Amino acid sequence: MTPLLKVENLKKNYGTQIGCSGISFNLHPGEVMGIVGESGSGKSTLLNCLAGHLQPDEGSVFYNTKTDGLVDTILMNEPDRRMLGRTDWAFVHQNPRDGLRMSISAGGNVGERLMAVGERHYGHIRENALSWIDQVEISTDRIDDRPSTFSGGMQQRLQIARNLVTGPRLVFMDEPTGGLDVSVQARLLDLLRSLVIKMNLSAIIVTHDLAVVRLLADRLMVMKSGHVIESGLTDQVLDDPQHAYTQLLVSSVLQV
Amino acid sequence: MDYNFAYLDEQTKRMIRRAILKGLAIPGYQVPFSSREMPMPYGWGTGGVQVSASILTPEDRLKVIDQGADDTTNAVSIRKFFEKTAKIPTTENTEEATVIQTRHRIPEQPLMDSQILVYQVPIPEPLRFLEPRESETRKMHALQEYGLMHVKLYEDISINGAIATSYAYPVKVEDRYVMDPSPIPKFDNPKMEMEAVQLFGAGREQRIYALPPFTKVRSLDFEDYPFEPSKADYKCNLCGSDSSYLDEVIIDDKGGRMFVCSDTDYCQKMIAKHGEVSKPDNQRALP
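Heads up: the protein sequence lines correspond to chains G and H, in order. Here the first sequence is numbered in the working numbering, starting from 2 and rising by one per residue. Here the second sequence is numbered in the working numbering, starting from 4 and rising by one per residue.
For reference, chain H alone in the conformation it holds in the complex (with noise of 0.2 Å):
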């Protein structure tokens, strides 16, 4: 059976699109748009798939990520779909690709104007879990009354003693609207006023946000607290980079653990530059 291209029909491609070129004009403003069921569950990119699909052209080449790997099941089965769906071409090289879509990271490597980076969000409302009602939220956006997003940080700092928010941490675009940046790690926070284009897709809550090339992006912190991109304190057992954000990995019962680039394409590459790491000074035992 043929598909239309990339799966989705064109009146529906023409309204995400238009949804998008809102959300481009408005950075960070939430666009609510009409999400369509796609064949797979809801949590498992349903967002950023049909961003995906309305923005691909025959002549794109596709990279999905997953927590900065090319190789695990939502990157494999969303590149499996387009490839079926588009017969586009696509690649785990980030260089070549002109659309990722990623789940919960940005490359390490900066992204050109060339390319586009498709976010899959969870939940985009960065003030649902202060506010449930999403009439006063939307209401607190649009009076730019932001001051309960601080209440979470000034939470954090008086029961942890700094602010422990690592990931999905709040941002303010063009000193306009907070926004959520979906759940990647604030390592990334910084990375996000980059050249490329960066789309942002909600399938189930069923909203688009977009960030046009060099937004003004801004952490929200206290003045004597500011705001701290983090990561784990080794260097990637595999490649050596002591720069990448690095994963945890458990690799026996008796407490052994490695730490490795989430990239899983950049650690390739520096393998392939400088060769691997024979001794790993970084394994550590629990006490």
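Chain G extracted, bound-state conformation (with noise of 0.2 Å):
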């Protein structure tokens, strides 16, 4: 089976400092990958290399596109690459406010994707606003109001919304559930999981929680200074861990 995204040898630096080296991986159709480590371990560099917003120095990242089969994304020119971010794949911020216009309406929000690959007919966008500010559980009559005056949790949903309004395939996703209330995590996961079940959506997820992963992922990668040390099945790796380094991480999840 073709592999829907395929990483090959990705390698970022920062002037001499490491961001990410050496990744590989393949990432099949309706799989979720989890990607935890410590702050500055470069989960979030791979993530932007992955995802376009970064150019990484070596290595390549092969996306199977609908029309032409696999196409590597870092050679694409800017224009298909910018076309693709914003039909084909989709991008969680950790904080809603960048990945949210504040000063547009909750429903210009999710419109956006929508007139952004040529929807010209305000009732066809309006509905489909509606219905997703429904699906993810935003009361209608919020529509017209603006996120600024949503909560954390409300802002979060309403990015995830805007992002899957387009029916991507892949969803980039940068701590989603960071900065929120543990019970407000708690939904939102529940939301995330029965979305990504529903649209079958592929999905890669950067986080330092590692309930985050255990519930969503189903295979996940340690990276520690820019490598990944460790791979496999999400409950095998969080189960059984083999390196020190995963040992201490999972170790380190306190309990109640």
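No lab work stands behind these hints: they were computed from the structure. Everything numeric in this text was worked out from a predicted model, so none of it was measured. Where a beta carbon is used, it is the ideal one built from N, C-alpha and C, also for glycine. Keep in mind that the hints are not guaranteed to be accurate.
As the list claims (entries may be wrong) - Interface residues of chain H toward chain G, partial, derived using beta-carbon atoms under 10 Å:
no., residue
1, M115
2, L133
3, T140
4, A145
5, K155
6, K219
7, L223
Fit the two chains together into the complex; they arrive one by one in their own frames, and the hints show the way.
Take a look at the structure:
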């Protein structure tokens, strides 16, 4: 089976500092991959390289496009990559303020991606926005309110709706539950899990919260100092960690 | 003291003419130019004045309008500026003028191919208030990523039930560049497909853009909310015209108001032709 995303020997340095190095993996359709590691371990650098926000120094990222099959997104021309970024891909930022337009209503935020791919019928855009706002459990009468009047959890859910409205196949998430309180986190995770299953999404989730990957991810990569030190099935890695750092990480989770 | 013809030195005029030619070659594209300090404050038409100064010849006859009127401060001072620095004749008659510098209106009378219309533009970037990063908006223009422009119209409809943007209404030029037509009322948008050359100068923002004659200019809209040029639903109180763009003027402190043509030259010609309206029918008091 052709993988949806095929990463080969990816490397990104910041001057002499290693961002991430020697990263290779395949991601198959419908699979959710978790990337865990401490702060500064290169998780976000890797994610940004994959999503085309950063230019890696070496390596290639092949994406299985609908029309042309596997294409190296790093060598792809910019208009095509940006087009992928707003149709087939989605990027959920840790801080919803980075992913939303705060001065535009919730409906406008959801509709923006539709208009960006050429939808020019107000009624259809409105209908779609309403349906998505409802799907992420935001009351539909808030559609004309600005995200700045929303709570943190609602903003994050709105960001997810805005990203999923064009029916992407691959979602990049950078700490989607960071900065939310525990009960809101649980609700968001629940929502994410049901959406991932319902839309058969592939996802790459960067987080330092092991509970998040336990719940969402099929496979797991553990990163330290820019390198992948351990990878495998999530339950396998978390239940039987082999590398000393992974053992430390698993044993550091606070128990209630 | 004698000024160089039309105030600017010849090298500067050459530089601006080059920008104008590039603008005409790529309709709707904002050409950067090195805007000069002019003896008037930003916001008073420094861009338009530089464009006018670069295209004026001693044979030209200049008309300057501000919101359609020939007799407001901005129009009078720019007209005087060129009378003094270029020693060219000026006029208030739209037909007689060869160069018309305008702030926020297109004259009612259709322009001819022997005329040039120069706009004063405060903010040339139509995407500015949606995407503040200039590096990003330039990229969006280059890649034709104009979905964001419709987000503004979407917001209008969701808040007001109709596209409430009534001036600086964004247009798409020759199916390529989205352009801010400077803050003209959207009533004037359809007139932009005209015989005359249209030049746009933004002094503070250092941008020049242009429309050659008969360039295709389409106002953006939604399929189910089509573009509608709008004006006040009254007749002019002075000349009785029901087709010209109207200003609403408050005339007393009891809520009395009247509607008059914003194009003063047009209004006066209509009065000369048909006589003044004797009994204004559309004065109204606030409830």
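How the hints compare with the structure:
no.: 1; hint: M115; result: 35 Å, violated
no.: 2; hint: L133; result: 8 Å, holds
no.: 3; hint: T140; result: 14 Å, violated
no.: 4; hint: A145; result: 9 Å, holds
no.: 5; hint: K155; result: 8 Å, holds
no.: 6; hint: K219; result: 18 Å, violated
no.: 7; hint: L223; result: 9 Å, holds
The structure fails hints 1, 3, 6 (numbered hints given earlier, in ascending order).
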